[in-house]
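Number of protein chains: 4
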Amino acid sequence: MSQIVISGEKTTKFEKKFKLCVGTGRLGLALQKEYLDHLKLVQEKIGFAYIRGHGLLHDDVGIYREVEIEGKKQPFYNFTYIDRIFDAFLAHNIRPLVEIGFMPKALASGTQTIFYWEGNVTPPKDYKQWETLIKVTVRHFIERYGLEEVKQWPFEIWNEPNLVNFWKNADRAEYFKLYQVTAEAIKAVHPELKVGGPAICGGSDHWITDFLHFCERENVPVDFVSRHAYTSAKPHKTTFEYYYQKLEQPEDMLHQFRSVRELINQSPFPDLPFYITEYNTSYSPVNPVHDTPLNAVYLARILSEAGDSVDLFSYWTFSDVFEEADIPKAIFHGGFGLVALHGIPKPTFHLFSFFNQLGETCLYRDDRLIVTKRDDGSIALVAWNVVMEEGDGFEQQINLKLAIDAKEVFIKRQTVDEQHANPWRVWQQMGRPRFPKPAQVDTLKEAAIPLLRTEKREGLQGWLLLSFTLTKNEVTFIEVMPVKDETPTYAGLDDRLIISEHN
Amino acid sequence: MSQIVISGEKTTKFEKKFKLCVGTGRLGLALQKEYLDHLKLVQEKIGFAYIRGHGLLHDDVGIYREVEIEGKKQPFYNFTYIDRIFDAFLAHNIRPLVEIGFMPKALASGTQTIFYWEGNVTPPKDYKQWETLIKVTVRHFIERYGLEEVKQWPFEIWNEPNLVNFWKNADRAEYFKLYQVTAEAIKAVHPELKVGGPAICGGSDHWITDFLHFCERENVPVDFVSRHAYTSAKPHKTTFEYYYQKLEQPEDMLHQFRSVRELINQSPFPDLPFYITEYNTSYSPVNPVHDTPLNAVYLARILSEAGDSVDLFSYWTFSDVFEEADIPKAIFHGGFGLVALHGIPKPTFHLFSFFNQLGETCLYRDDRLIVTKRDDGSIALVAWNVVMEEGDGFEQQINLKLAIDAKEVFIKRQTVDEQHANPWRVWQQMGRPRFPKPAQVDTLKEAAIPLLRTEKREGLQGWLLLSFTLTKNEVTFIEVMPVKDETPTYAGLDDRLIISEHN
Amino acid sequence: MSQIVISGEKTTKFEKKFKLCVGTGRLGLALQKEYLDHLKLVQEKIGFAYIRGHGLLHDDVGIYREVEIEGKKQPFYNFTYIDRIFDAFLAHNIRPLVEIGFMPKALASGTQTIFYWEGNVTPPKDYKQWETLIKVTVRHFIERYGLEEVKQWPFEIWNEPNLVNFWKNADRAEYFKLYQVTAEAIKAVHPELKVGGPAICGGSDHWITDFLHFCERENVPVDFVSRHAYTSAKPHKTTFEYYYQKLEQPEDMLHQFRSVRELINQSPFPDLPFYITEYNTSYSPVNPVHDTPLNAVYLARILSEAGDSVDLFSYWTFSDVFEEADIPKAIFHGGFGLVALHGIPKPTFHLFSFFNQLGETCLYRDDRLIVTKRDDGSIALVAWNVVMEEGDGFEQQINLKLAIDAKEVFIKRQTVDEQHANPWRVWQQMGRPRFPKPAQVDTLKEAAIPLLRTEKREGLQGWLLLSFTLTKNEVTFIEVMPVKDETPTYAGLDDRLIISEHN
Amino acid sequence: MSQIVISGEKTTKFEKKFKLCVGTGRLGLALQKEYLDHLKLVQEKIGFAYIRGHGLLHDDVGIYREVEIEGKKQPFYNFTYIDRIFDAFLAHNIRPLVEIGFMPKALASGTQTIFYWEGNVTPPKDYKQWETLIKVTVRHFIERYGLEEVKQWPFEIWNEPNLVNFWKNADRAEYFKLYQVTAEAIKAVHPELKVGGPAICGGSDHWITDFLHFCERENVPVDFVSRHAYTSAKPHKTTFEYYYQKLEQPEDMLHQFRSVRELINQSPFPDLPFYITEYNTSYSPVNPVHDTPLNAVYLARILSEAGDSVDLFSYWTFSDVFEEADIPKAIFHGGFGLVALHGIPKPTFHLFSFFNQLGETCLYRDDRLIVTKRDDGSIALVAWNVVMEEGDGFEQQINLKLAIDAKEVFIKRQTVDEQHANPWRVWQQMGRPRFPKPAQVDTLKEAAIPLLRTEKREGLQGWLLLSFTLTKNEVTFIEVMPVKDETPTYAGLDDRLIISEHN
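Protein chains in written order, with my numbering: chain A, 1 to 503; chain B, 504 to 1006; chain C, 1007 to 1509; chain D, 1510 to 2012.
Note that these hints are calculated values from the structure, not bench results.
Sample of chain A residues facing chain C (criterion: CB under 8 Å; computed from the structure):
id: 1; residue: Q32
id: 2; residue: R84
id: 3; residue: D326
For each residue, glycine too, the CB sits at the ideal point set by N, CA and C.
With the rest of the complex left out, here is chain A (with noise of 0.2 Å):
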């Protein structure tokens, strides 16, 4: 088996680019307690910049009315919800990038509409009112938290305009005047505010060399380009519960994030920023992968390579508290969220709080494995093992030759597996309940944690060596530490003793 020397002579910077965003469900949802749960969690043990979520507009959150009043019809803003969403958001240390978007049904130009919660998908009946709707809660924004804040927060103008779902007929003219409306709006309230678009998923990358060229044309502003990535394919069967995909191999998202970068590069504004505002594995939220090691697993080069390519990735979603596909049916369900029901932490969350713990001094990095070093000296690996296939086995070993500076190091090792942190397997066992009672709550929480093992290790000439081997679907996370020996300042210890031969 071959050997990876690691002198860290060579190093090159890691940047957590992977913490930078992550998605939500709708805005409205986070008036809920449970949804606030998971992100106090979430921020504890990650803590991302920034959150997106769809319905800023939507008229749950009900920023806007048309009211009769002594006759007349007009509008009135209400901004009694969002204050309350934005002002947790903010509490809980995460920012809005806010996503412009979807249609209030009394400013909409026709009904249709998408998912359970019926976000309206349809151009304003009124470009008029639309630009004084954008203002006005722009202008609020700035007026609650200041304009030093809100600078800090992108404007993305609607989401997915390529799909005739989200966007009727997807029909790419009127997304370019519906673009060129609000991101002069927001200019409008002030120039330094940030914009962006398309905010399309992959399959119709023209649209992005199209936006760039006619935002140069029209002398539109632009800050930042931004693009959705998933690797499924259509369902190859769905029931009235889950999606079951076929899923490319992690690789094929690099692509995506590179081909587009290359598009920019090429365009009227090479020099833009390029965020990938949603990826996931699956585009569905009721695709039982999610709630998997093997999504972890997947991620992990994601994690680990994405930042080369694109300036700010957002995992979609932070919690399953998300409502596309109607209330969710049972505990778990294939949601996106990082966090299932109840609070429980699945395997994807995890990738996430390792590789947040990694330092950003990166000694070696390839497709199964990330080694860092951290301000204290330490040493911090995540590595994983993909595996999409059926059945046992599949192990794989990992031999490292590590340069270390201690005599003695302490070994911390946390796993994610498939018999590990995989509380929708323990889940399984119980018979799948899909209201958990309390104390089946409890047990899904306590089977959620990794597995831990620890060992003390002396170096041999400056060099440790360090192998391990990864189970099928494991992502596991290695911490090596100096120890600072005080054992022989316990005078006449003897461990020995505590049940000696007088015993």
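Knowing the structure of chain A, use the given hints to seat chains B, C and D on it.
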């Protein structure tokens, strides 16, 4: 290997007397935040009914002072701290079992003290003033907490007066005098208050007999008999840091309990309740055995069986916030606590937590196993494997044939042994840091979680064959819960399709 | 000015029925954090036993869906949200009084809805499926919470079926059918579960008589009779924001209670309990009277006397987290809540809190005053001064001659009136900010605290002369507590010396 | 009555030096929960940067011990408690200003102690061991908290060595020796660590000059000069409970500050920062003046002006959790604390909280008033009325003519005086209960809230005439905030209709 057949036809009652009471470091420590954090943890997971500790009348709680007012010396009674302490106990849903002692300096007849914190162990210089102190104090308790509450607080007179270091000269006659004055003072406040003694440690059990005859002869009130029990011999080595002692077999403690109970039975008060107001393996606060899994397995049989002979037994102590032998010199220092400094549960904590989750219907019990049924129909058992020898191995297999009602069961097993839920071991691997840093404390907390294993099993004609192996010094907790399988309600479910051949 | 002499010789029992139940916005709102924050506050200070709201079967809670599985339509019962809601209620120590309604869209026979949130108010399209829904749901409650718990939950069938906007055509025969099917379905799950109706509002009290005769004639189970009560007329002005209505005198509500009780007494079930499952001044969620001190003083007599005629009366509602008339458009918007948005207590909150601190022994009661004795011997009274007129003045003096045991008393008085604990007034001073900033919310919270006045008084031969003036719309709470004067124990005390002539 | 015209044209900077540091009871008390509860409250409302107290090296913190290992006596350094204490400080966002002292018993050359808690005030028996103790301790701090953190901790050597009760014989030469050894030991650990002294109290200011000349002559490091300041004379009466003392006028303290600053200016180190590491009215922990509104008004001018002459001044102390004169004998006992036992804020707490809410732009300042502008454009002022005489009356009127930008302003006024936010007075009305019950504590907390008054006012041609009357010993805090009147947006609003003639 033999099989234990548990049909569930003959059952006994398992009273959870082990949770009636727990010991504490001197009461003055209950002002500390860390102490109360540990108490909160213990009460959440175990929920003791009473707490008992030294130092009610010690000068750091400061109830008794002598002051000079207008040239005249007079007592001043200060309840500032004891109110805060007892308020906190009751807020944590635990009542004081009130140990009367030690002697306030101002009221002491001598200067002999015990412990780092210098508890004065001499008789009062003036029994009249002592009597007043007792009355004023007990009346204050009633005024603050109400008579109905205080009637539930047993008052125990002094601590281990049969030892010269706890009571000057171990003077029995003087103790009987102290007992009489104190008990009568308490009864004078209200006749339904409960008093008892003599709170001796082992080795002088004739005191029990003498004490009860004294009470009869002198018509002195007594509502319970109390004694302590440890199973350690004199240390065969002491160091600046540690005591090393020989331990008797666990049965030894049960023998102690039964023999004293027998003495009471033959006394003038054969029906008096018998309280073990302290017990543990070693009586030393710096014996590392307390930090080990051995301490847990050793005590398992006591928790299982002691309730047969005694009415209350109180583990000494709930927390390592304790100062008898000076301020703890290292996070692990051999303290009595269920909880180590920084809130880290030790193996014995889990022993109590496991027993606390047993049912009250006992299906089977022997010297390494107790099997119970819980009110919800599930089976819960604790098994243990005491190994008081060096080296590896020593595994034990247990084979059970359990009558079950359900077709399928979910089995949840939690393990504490040398390798798991043993933070003391991980601390050694870290180089025994005396004053660990926050990240080290986090690791120790993670290392203090029992190993969880789960499985789903089918019964066979109403029986479940349950075999498991106990490692060296393992205490294992197994729950067998009926499965209500909801899997068929997920129409079209096919886990194989998550990663099908289509992939 | 006349004097009321209260010797304490004749007493009656004051049962705190006002705290048996409280109303809530539709159950789906109970998922929200702000809702639960308000509930916590209300439970801490008042502690209602039950909570009742609409929308158990509304689509946002989502219990009932119809789905297609393998080409066949079939019901799917989803308890994800209702479990979370009822778990939260019980965690806050409040039980549901379960209102059965409104109609799930998929089960509805029509499209008529009520409220912004579109509760469907048509009969089921299929009573068999309705019956199954009821049984499955109630069985789920029992499985999750236990039979003993659910036996304590009254089930009330529908809401105000005598109004055409709450029940299609206000069709009485159809309601009786719905009642019969539902009540029998619940009793089929367990005969000890409690059912009742007809939950009408005032104006059609013949329904009560007809309903009870129907139950007798058809042998339909009924365990309690329920009705609502408001004292406001039709609005004399409505605006986009507000309803303005004439209010009857407070007595009017008591008359309503007594007259319906009389109807029950003369019915075939004269012993049935009578529940007022909703009451308030105005029935509109946008009548500003709810935000005023007038609302508090107006209801004082109801809290004092309603328990004489009814077995339970439930203030509608505990919180302004409420959406019947759209999302609240301003922090103060005339909502029913005891607590305004952002957790600000309104005057009526304090009314309940004051009554909650009364004793259960009534010493004296009239139409503006209730005087009680508490278990600890202290006297607690509430007095109020209803002024339904514009302008200043309207003060009232009350002169009491109270028998007291103590030589000295400490008198604590808390006042809510136009000037104090009236955050609505301060909000007006601020310029009525619709969406106040955090600092403004802080000020409003400070402004919501009752004015405190304290004094020490000596009695005269066992009597205390207590005179006080009530301002316009003041509700005042006075506690008279014996003083145990410890001043003499401070030897040498001389407050004058703090700043003596030496200075 | 004269008018103060504040046009806002000339402004000065108001630096909030009063919040740079606060005093504490001995560090060992920081282990207590009540202590930390008070610290939390103080940090939330005031937010001091540093905390300074005695007892770092006292035996209850227990850093230094001498132990015998294999027959040889040797030092043992125990950081168990100091780590817990400093961890807690930093967690509450406050840094230690480290006072080095008193002497560990084992290292002391004598037995002289100070205070109930017996701090040893004798020089080290061996300066070499002392030096090692200092180095080991400071190195430990750096290892635990990092060099960057510890570089921000000033180290002050000893406390009031100019008093015979704080330093044996008040031996100046011995102090200089101690200072030199200690300062050099600290600098030897790292030269950028900050050291200072001589921490004297008033009355021996020649020590300052001598000390600085000594440092220059002997080339001893010194980074700041420190001194204490109280304005009370020797007690004219002491009792078992209390000290009564004459107070100088508030100016006296400012004179003390200026005169010492002058001494430094004329010393060899004219640019050294000058720290008042303790100040208060009385230096006695049992002078009831500390519990009064007088204490607050008295200190108002110090908070307003002291920053002109000193670089840091530290109120002695934040909490009545304090034991110099034994355990507090009553809830109000004349302790130094901003917060009384049971977490009750005293008048001086509010003084600090009010000053903390001032802006940093000073518009006007005199000896009873400070007017500031805040960043948001609002005006905030504190005014006070010192009355050191018996009796009623003594009101003072203040008339301001304030330039304002807004048409309308919202005025919020909070008052502390003899009648309001004066829990000490209410406690007297209660009969001065030494150990109050929970309900009494609740009343005292309610009584500790400042009186709130609000109004809306119109300006006149850019000016606001603001007149207010200060009662005896009132400190008042007034905020003048622009109103953005949203009233016109409520279409059809008519408050009179809530109770119209229709009623």
